Every structure is written in structure tokens, then in C-alpha cells.
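**Q** So the chains spell out like this:
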Amino acid sequence: MEIPSARPGEALPTNNPEPPAQSFPDNDPAPGRIEVESLYKSYETESGFREVIKDLSLSVTEGQVTAIMGPSGCGKSTLINLLAGYEKPNGGKISIDQKPVTGAGPDRLVVFQETALFPWLTTFENVAYGPKIRRELKGEKLDSVIMSLLRTVGLEDFRDKYPSQLSGGMQRRAELVRALVNRPKVMLLDEPFRGLDAMTRSLMRDYYLDLFERHKGTQVFVTSELDEGLLIADRLAIVTNRPGRIKKILDVALPRPRDESLRGSPEYLSLKAEALELLHEEALKSFKAGAVNSADFVGAYAAMG
Amino acid sequence: MTDNPSGIIPAVESLPLAEAATAEPQAAAHRPRGPLAKWLTSPAPWLNVSGILGFLLLWHLLTTVLRLPLFDKLPGPLETVGEWFSRNPTYGISVFTVEYYQHIGLSCLRVFLAFLLATALGVPLGLLMGWKKTFCDYTFPVLELLRPIPMLAWVPLAILMWPGRETSIVFLTFLGSFFATLLNSWLGVKSIDRSYFRAAASLGASESLLFRKIVWPGAMPFVFTGLQISMGYAWFSLVAGEMLAGEFGLGYLIWDSYILVQYPVIIIAMFTLGVVGSLSSLIIRLVGNLLIKWKVKEA
Numbered sequence: 251m252e253i254p255s256a257r258p259g260e261a262l263p264t265n266n267p268e269p270p271a272q273s274f275p276d277n278d279p280a281p282g283r284i285e286v287e288s289l290y291k292s293y294e295t296e297s298g299f300r301e302v303i304k305d306l307s308l309s310v311t312e313g314q315v316t317a318i319m320g321p322s323g324c325g326k327s328t329l330i331n332l333l334a335g336y337e338k339p340n341g342g343k344i345s346i347d348q349k350p351v352t353g354a355g356p357d358r359l360v361v362f363q364e365t366a367l368f369p370w371l372t373t374f375e376n377v378a379y380g381p382k383i384r385r386e387l388k389g390e391k392l393d394s395v396i397m398s399l400l401r402t403v404g405l406e407d408f409r410d411k412y413p414s415q416l417s418g419g420m421q422r423r424a425e426l427v428r429a430l431v432n433r434p435k436v437m438l439l440d441e442p443f444r445g446l447d448a449m450t451r452s453l454m455r456d457y458y459l460d461l462f463e464r465h466k467g468t469q470v471f472v473t474s475e476l477d478e479g480l481l482i483a484d485r486l487a488i489v490t491n492r493p494g495r496i497k498k499i500l501d502v503a504l505p506r507p508r509d510e511s512l513r514g515s516p517e518y519l520s521l522k523a524e525a526l527e528l529l530h531e532e533a534l535k536s537f538k539a540g541a542v543n544s545a546d547f548v549g550a551y552a553a554m555g
Numbered sequence: 051m052t053d054n055p056s057g058i059i060p061a062v063e064s065l066p067l068a069e070a071a072t073a074e075p076q077a078a079a080h081r082p083r084g085p086l087a088k089w090l091t092s093p094a095p096w097l098n099v100s101g102i103l104g105f106l107l108l109w110h111l112l113t114t115v116l117r118l119p120l121f122d123k124l125p126g127p128l129e130t131v132g133e134w135f136s137r138n139p140t141y142g143i144s145v146f147t148v149e150y151y152q153h154i155g156l157s158c159l160r161v162f163l164a165f166l167l168a169t170a171l172g173v174p175l176g177l178l179m180g181w182k183k184t185f186c187d188y189t190f191p192v193l194e195l196l197r198p199i200p201m202l203a204w205v206p207l208a209i210l211m212w213p214g215r216e217t218s219i220v221f222l223t224f225l226g227s228f229f230a231t232l233l234n235s236w237l238g239v240k241s242i243d244r245s246y247f248r249a250a251a252s253l254g255a256s257e258s259l260l261f262r263k264i265v266w267p268g269a270m271p272f273v274f275t276g277l278q279i280s281m282g283y284a285w286f287s288l289v290a291g292e293m294l295a296g297e298f299g300l301g302y303l304i305w306d307s308y309i310l311v312q313y314p315v316i317i318i319a320m321f322t323l324g325v326v327g328s329l330s331s332l333i334i335r336l337v338g339n340l341l342i343k344w345k346v347k348e349a
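As they're listed, the protein sequences go chains Z and R.
Position 170, counted from 1, in the first sequence is what our numbering calls 420; the numbers after and before it change by one each time, with no gaps.
Position 25, counted from 1, in the second sequence is what our numbering calls 75; the numbers after and before it change by one each time, with no gaps.
Pulled out of the complex, with its shape left as it was, chain Z reads as follows (with noise of 0.2 Å):
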């Protein structure tokens, strides 16, 4: 499929001719790299003990794109929620740059599923908090920072505007941004892009390939989209079915910058061929084992290939 083309004028985020060193006015921090050893983690639910994530062992490599993929339940979400520091594993160890983690921090930040922009804010003022509480960027600098930052993504002029008057493709952009604004170490996305129709999801998908070929940090990108993940990965890490560990790694060799016209390359097609199989095994198994939407999940990935 191939992106539609603007209106005359308007330009697509991965032409935007502004130069990247304008974003930010001082250098990208050092990207950070992240250590998962033999996690393990598990609930006490109504219904009995469950184990989500059992000997699941990742390296994170910096400034690259992991995109992280599996059968539904697969404990995805609580991969990020361990790596973010929201929750606490019960076995093993996760480490970044080397220090252990021990609780949320402005170097690992989190774009949600559904948007968590905080409603009574403003797109600016949500994209200033982290710097302003943490008192690290004001006055001017500060809004001359953000408003760059505003414009990569097409929203300088809604930044008086709040989330509930911003179409949920915008909310998505603002939320990639006021991520970024605090230059973290590693960005963890947990399905940004979910609950967007298609059209929008691949218009989200640009501006985020644009935003990171700008800025090149440390991603970990959960998806359910296989081409979405292969659009945006240097290694796509498939999740086995429930208790997740990672079975298989694939290192994503494409040429960036990267677009729709990769879709049709023999490289492209072969890596998804590859990773369909490794994701149908898992997908079946889930099924087998009785998850309640896995059905649909077989269904989706035998649609796919």
C-alpha cells in the first residue's frame, strides 16, 4: 500500500527539511542499553496463580529499535511495565547502562496504549511537565524546544489546545513528544499506535520513523502488527506464548531511512515469511492452551501471511 500523497504544500514528516541538530539545542543523550536477565514474574489472580513471564532473558542494544511481538497474553505489557520500573519482577534482574532498576525515572519513558496525556493540560503544558518539574529547561529555551519539537510532528498550532480537542492520531504525536522532550535513554512504546484506524497508524508510523532517525535512542516497540514491526526494527524479538521468554530474535538488516517501498523487497518478504511462521507456532499454542481471544489471533496471522 503506498502512503497517499499530501495536499500540494503539505509536506509528509519524512521530508521535513528542517535539520535535526535544531531540535534539540544540545546534543541527544548517550543512548542507554538494557539488560533482561532470567525474568521471571508472576500474579496471584482470582482465578489462581499465573505466570506471565517466566526465564526471559534481553539485551536491549542502544540506539536501536527493538520491536518486542507475540500471542496475546503474552505478558508484553508487563515486560514494559518491569523494564519502566512500575512493577517489580520476582525473580531476576533488569539493569540499564549496567545500574539496576529499581522504581520509574525520567531515563526510561513510556508512550501508553491508549494516550495518558493528562487531560487538563495543554498539548504544551503536557510536553513541558517532565522539564519543568524536573527544572531542567524554562522560559524561553524551553518553548523554543518544544515548539520545534511541536512542528516535526504537525502540531505547533494546537498547542494551546487540550488532548480531548486533539483527534486520537494527534494525541499519539503529543505523546511521542513529550516523551522525547526529556531526552531519556530508552524509550519503552507499549502499542502506541493501537486503536488508530489504518490510514492514521501508517501516518503515525512515519512521523515516529522520522522522529527516531533523527534522534536515534534506545526504543523497545511492543506491537501487534507485523509490519509495522519490521518497518520500525533493527531486531524484532518474537515472545513465546504464556509464560513469555523470548524464542527468537531477527535482526531486522533493512536500509533506513525505511518506507512503504521496502514492503515488496525479496529481504523484507523473507524476514516476514520467517517471522509468520515463528508467531503462527505461538499463536496455535496459545489457542491450544484455551486463551479466551486467541482464536481471533490464529485467524489474524493466517490473514497476514
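Bear in mind the hints are in silico, worked out from the structure with no lab data behind them.
There's no promise every hint is true.
[Said to hold, decoys possible] For each label pair, taking beta carbons as the anchor points, the in silico distance ranges come out as: (1) R:85 to Z:448: 35 to 41 Å; (2) Z:385 to R:345: 27 to 33 Å; (3) Z:448 to R:345: 27 to 33 Å; (4) R:85 to Z:295: 46 to 52 Å; (5) R:195 to Z:391: 53 to 59 Å; (6) R:207 to Z:341: 54 to 60 Å; (7) R:212 to Z:386: 38 to 44 Å; (8) R:339 to Z:520: 56 to 62 Å; (9) R:335 to Z:398: 36 to 42 Å; (10) R:332 to Z:386: 41 to 47 Å; (11) Z:295 to R:187: 21 to 27 Å.
Everything numeric in this text was worked out from a predicted model, so none of it was measured.
We put the CB at the ideal spot given by N, CA and C, even for glycine.
Given the coordinates of chain Z, assemble chain R onto it according to the supplied hints.
**A** Frame of chain Z; chain R shown alone:
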């Protein structure tokens, strides 16, 4: 601009703005009507007026024309309105007498004091209960035990505890108002999505910042709903308190007029209560809308 993302062509998503920016002044030019003008040209005012007229007609029929046994002792609308707006009222209460405004003023003052007190105590307490589980664990059982006690059951204690009638009435009014405020403030914090707390923690917010920047604004809509309900309870409790222990005030006026067989005054005081009650509720709503712009502007 549409709320629905599916209605937006992706590559031109920021276009609706450009359109809106140019379209708005034009729209304003050929439609300069405010919400009031819009309302006046809709069928709503006519329906409102006919509803009121219908009510008055029914009242007139029941009390003056048909004189049904149930309504036999009640004054009709003509008699009531005549008394209400008389320069020389038979029973000493009309819009032209000082006493009328003394009763209104004193009732309003009592409600205002009690409501202020209930808000000043109930909102912080409720927010703290919603925010800190330990604090909630301490306070919840006691409050849940006290809350269902009908306000009238407090009357003897109120009279025993407080010096003078004034403080007893304000205390009773406060009680009615307090629990609604407390409960809604508590629910307000509970209603805040967990991801806002998580996002704020990731962005580096300290505990006190979480309270000021997440708990406080996030609970606002519920708090103001609570304040409106609590204002209603305040008037309810006030009238009961004034009937039992008052020397002035609209509740006292109703009871006093009943004992003195001045029936039109009962109706006048009742309608007056209706009017001041609605006005006080309206004020809270306006203040709330002013403070919670992000909720109002949803469009």
C-alpha cells in the same frame, strides 16, 4: 473538526486546523448568535413557559376551582402571588418587606458557612483518602459508620453540644453537606486513570507534585459534582434545623406560618427556597466550569 480519527486522511491530518482557522471567522460572521440567542430561537423557551403555565393552571384548578378535599386548605396561585408581591401584605411577608429578606439572608448565611466548612474539610480529606491507602484504611470505617446516620438523628446531640441555636443549625447543615463532598472527592481520586500516575512518576514527579498536578486536577470534575450534591443536602438540612431550632430563616418561616395559619406564606417561603437553591447550584456549576476548562471545551 471531527473527533473520529478514521475520518481524517492521514497525510493531511494537520489540515483540519488550517480549515478551522479560516472557516471560523466566516462562520462567526454569518452566525454571530451567542448560546442565549440560539436558545431563544429554539422551541425550548416556549415549552418551558407552557410547562410553567400548565403547572400554575393545574394548581389553580385544584385549589380554587375544583376545591378537592386534598387541596382544600391550600392557597391558590392568585392568592399566593398577590400576597408575595403585595405592598401591604396581609401576613407581613412579601418582596416589599424587610423581614422577607432577613429570612433569606440568614438562611443563605447559614448555608454558606456550613457549605464552606464542609468543603474546606471534606475536599482535602476525601482527596487524601483516595490518594493514600493507609489514611483511607484508618478513616474509612469510621466515616462509613457515621455517613448513613440521618441528619435528623443528630438534632439532640447538636443542641446539647453547641452553645446557642445558631451554631447547632450550622452544624446540622454542615453534616448534611460534608459527607457528599467527602465521598465524591474520594471517588474523584479513584476515578483517575492509573496511567496518569505512572506517566507522572516516569517524568520525575515527586509525591507532593503528584498530589498537586495529578490528584488535584484529576479529581476536580467529581469534586464539583459532589459540591453540587452537597449544596442540595445543605439546604435540606438547613430547613430541618431551622424548623426545629431556628428563630429566623426560611425553614423557620415555613413552620411558623404553619402554626400561625398563614398558609400563603408557606408557599412563598417554599418557592423562595426553590429559587435560592437553584441559584446556589448554578453558581457552583459556573465556578466549576471556569476551573475545569479542559472538560467544558470538549468539542
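**Q** The structure should be examined with respect to each hint, and the outcome stated for every one.
**A** Hints, one by one, checked against the model:
Checked against the given bound of 35 to 41 Å, the beta carbons of residue 85 of chain R and residue 448 of chain Z, roughly 38 Å apart, stay inside it. Checked against the given bound of 27 to 33 Å, the beta carbons of residue 385 of chain Z and residue 345 of chain R, roughly 29 Å apart, stay inside it. Roughly 31 Å separates the CB atoms of residue 448 of chain Z and residue 345 of chain R, a value that falls within the hinted 27 to 33 Å. Remark: the range hint 46 to 52 Å for residue 85 of chain R to residue 295 of chain Z is upheld by a beta-carbon distance near 50 Å.
Between residue 195 of chain R and residue 391 of chain Z the C-beta distance comes to about 55 Å, which sits within the given range of 53 to 59 Å. Taking 54 to 60 Å as the suggested C-beta distance range, the pair residue 207 of chain R and residue 341 of chain Z conforms, at roughly 57 Å. Checked against the hint of 38 to 44 Å, the C-beta distance between residue 212 of chain R and residue 386 of chain Z comes to roughly 54 Å, which is inconsistent with it. Look at residue 339 of chain R against residue 520 of chain Z: about 59 Å separates their beta carbons, and that is inside 56 to 62 Å.
Checked against the hint of 36 to 42 Å, the pair residue 335 of chain R and residue 398 of chain Z passes, with Cβ atoms roughly 40 Å apart. At roughly 44 Å, the beta carbons of residue 332 of chain R and residue 386 of chain Z sit within the given window of 41 to 47 Å. One distance hint, 21 to 27 Å for the beta-carbon pair residue 295 of chain Z and residue 187 of chain R, holds here, with the actual separation near 23 Å.
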